[in-house]
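Q: Spelled out, the chains give:
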Amino acid sequence: MILKNIRIKNFRSYYGETVFSLSEGLTLVIGGNGDGKTTFFEALEWLFNTTAEDKKESNISAMRKSELEIGESDEVSVSITFEHEGEKELEKSYTFERVSADYIRTKDFKFIGYEDEGSERLSVKGANLLERCFDSFIRKYCLFKGESELNVFNNDTALKTLVDTFSGIKQFEDLVSLTEEFEQKSLNAVNKEMQNDQKVSRKAKDLDSRLTLLNRDISDCKKDIATQETAINDYSVKLENLERYQDTSELYQTIKERIKALSEKQAKLKGMIYCDYNTNLLDESWILRSFPKILNEYQKKSSALSREKRKLEKQETERTAKEEGKREVIEQIQKLANVAVPLPWNLPDKETMQEMIDEEVCKVCGREAKKGTAAYEFMENKLNEYLRHIEFEANSKDIPVDEKKVLFPNSYIDELHTKQIQMSGSVEQEISNISTEINDRLVFINERKRDLEKINKDIQDAEDEKNRLLIQSPGITEDLLDKNFKDLKGFIETKSRAEKRVVELKQKLEGLIKDKDEIQAEFNALEPTNTMTKVYQRVHTALERIMKAFENAKEANVTTFLTMLEEQANRYLKLLNENDFYGIVRIVKTVDGSARVELRSENGYLINDPGGAQRTTMYMSVLFAISQITALKREQDYPLIFDAPTSSFEVYKEDVFYNVIDKIDKQCIIVTKDLLLSDEATGQKKLNDDKIQQLTCSVYRINKAPNYNPLDLSTIKTETKKIK
Amino acid sequence: MAAEKLYDLWAKRNPQWETRYEDSIIKQFCEYGRGATTMRDDRGKIFGAGYEIFIVAFFIGLYYNQKRPLINDNQKCKSFGQPIQFWGNIDSVKGRKAYPKLREYIFASLVAKTDVDFIALEKDEITARKAVDMLTQTMEEYANWGFNFIADKMIDNPNHFYSETAFLEVFLSFDVTNVINEEEEPETLD
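The listed protein sequences correspond, in order, to chains Y and L. Those letters in the first sequence? Residues 1 to 724, per this note's numbering, in order. Those letters in the second sequence? Residues 1 to 190, per this note's numbering, in order.
The hints are simulated quantities; they were obtained by calculation from the structure and are not laboratory data. The structure presented is a predicted model; accordingly, all values stated were derived computationally and were not measured. Treat the hints with caution; some may be incorrect.
[As the list claims (entries may be wrong)] No more than 30 Å apart at the CA atoms, straight line, and that leaves these computed lysine-lysine pairs for DSS-like: (1) L:Lys130 - Y:Lys300; (2) Y:Lys270 - Y:Lys260; (3) Y:Lys449 - L:Lys130; (4) L:Lys76 - Y:Lys419; (5) Y:Lys419 - L:Lys12; (6) L:Lys113 - L:Lys76.
Please put together the full structure from these sequences, using the hints given.
A: In structure tokens:
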């Protein structure tokens, strides 16, 4: 299938009819942003879509729509003329009509193909013609929007589809299953006959049951191998990722350790600044901060009371001492010459004493005691003492006994004084220190709060740094970094265990297959008596060999196909990367039956994550290879249509790319904004004529018609100019 | 038998406060009337037993040296369940420390601030009971003034005392100089 021209009519920005004539090699459609590049590509996508009758209003040219009067109509259409076993045409269209000022009706959807038969031009169903000449499998490998879609092996069934479609294996598959069925049926027939055969029946039954067991073991063993291989593959991917993100991980761990250390400090500081200011008033006696003044008042009062009490006590003592003094004098006088103990004060009595004084004679000793003598004076004193005693006794009858003796019966002042002493010295000092203590504590807490603020900020900074790191490592999550690096050793161990296990299982499988072959041989060697059984046996042997031949052929076909694909891909890769490193493309069949495109260096080293342009050329090489093989297999070529495939290329690479692709013998349509020069002053884009002159391909320039209103879609129209 | 000490007689007392402060202040800041076993922290109160806010109110009155007689109506006054001798024995409460010494300082301040004729008391001319009545009254009047102070602040801003340092700040506002004991200024030379 070679495209000859593409006509686009009233499709979005393509106002009126626009025709692109295509060369058999490369055709470049060059335009800036918004000039209609993607619309060109999407017009083709719309044409090639066989799944829906899509006549939506949004595909109608806004400019054309705005011109329509009520009742007027026009059509949207996209058509291609192409060469595929004769010239053919494919057209998709629908009519649109203005029904009212704000309503456009779409109708008459048509999808028609035309082909020449002899001299007649026949119209056929568009979808049928498309499937016949450019089927959906081929289209999958022909139309690509952007760079990201270039990896056609990005889903599980891609390889199988490719192999099925292009390798001719499909026919093999039918044959393989057919021969397998024959083999199985003949085997069953042989087994049945053998078991019925008199001579070998027992032996046959025994071998058959052993075969059944072995078949089960072989199937189990194959399943185990598949499981282990999947595991190895999984762990390989995980380990590759870990290796790729090793630096990220190390940095992540450092940041995490820093956060941990800071968090510990934070917790400590939080503990330090905790203070229950209210209960400390009581528990830590902070409420006594202003108490020294009151304590002083108490001490002064208590001291004054104590002094007052002592003063009063002293006065009392003095008074009683005086009384005591007088008595002592009298006693002194009354002292007897011989220091004998005197008589009690009431002996002799008052009358006797008075009589003896009056008569100037001592009637106790019978001697004279004339007035003026010592004896007379003694008697007078004795009488006075008697009288004083009488008088004192008479007075003391009015006073209670206690008070008579004690001035202060209570000792509360002493209690207060004792407390005063207890509250002085070190205790008093403690209270005066409370103010300083509170102050120190508040200062300390404030300082720690400042420290905490700083720590909080540091933690926030570290968290930010961690997040930035994660943002810069797409596909890597915190969880993965936390978990997987802890599991690194486990991954390696599991992988190596699985690898060992696969080797063991493969050995086991080999043994089992050998056993099976032996038993089968033994089975085949049985010599039944019945000739019919012998016939069955030979037929089965023949069918079994045929089946194996087909199986091997199928496998060889796939391998050949992939090898060929690889060879072709590497040829294109080399071309596309002239004067640059390009490596070797490998198409690896994975255990799940899919394929992976890898880039390796010559020594077999895997190039992880190749750069943008490298990756694009790698995938593109595979696409060219597929197209090449398709052409060989089907004896038909197909166009490759790309929308902006080179956005990650630098200018030099771009030039090489276009120069190479210009000379590739293959129909290619590339819609791009490359090869445009920008006027720095006006921002206007113009074609890089020098470069274009070097190319041999067809070139179209598309751009928005000037004088449009940037706010009004209905003033936008794509203009097309064929440059060469 | 020796006569009981004045301090002990006083400590057996149960000072009164005006019932109007029960809901507006005591229950706001203390676990008063809610059962003794529940932890303060569980309820989010600033203080524990009711007497704690009474002590705070007392010291506020004391440091401002302002007394306010209790309303002359026994119906409108109330006392706590615990006499003074048990105040501050809260070792068992989580996160708290006992403060029995504080009682002694309260007593000392009452002696300093109450006009009791201690000589007459010593001579047995007035009874100890009468003296303790006077001390307790001083205590009640200082606390009553303190409660009034707190209530006033809360009228202006109901959340005034709910900041973590609010009560401490009241006490930080008081002078710490020992005014009574201050030494005379040295005479100037001119």
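Q: When the hints from earlier in the document are held up against this structure, which numbers fail?
A: Failing hints, ascending: 3 and 4.
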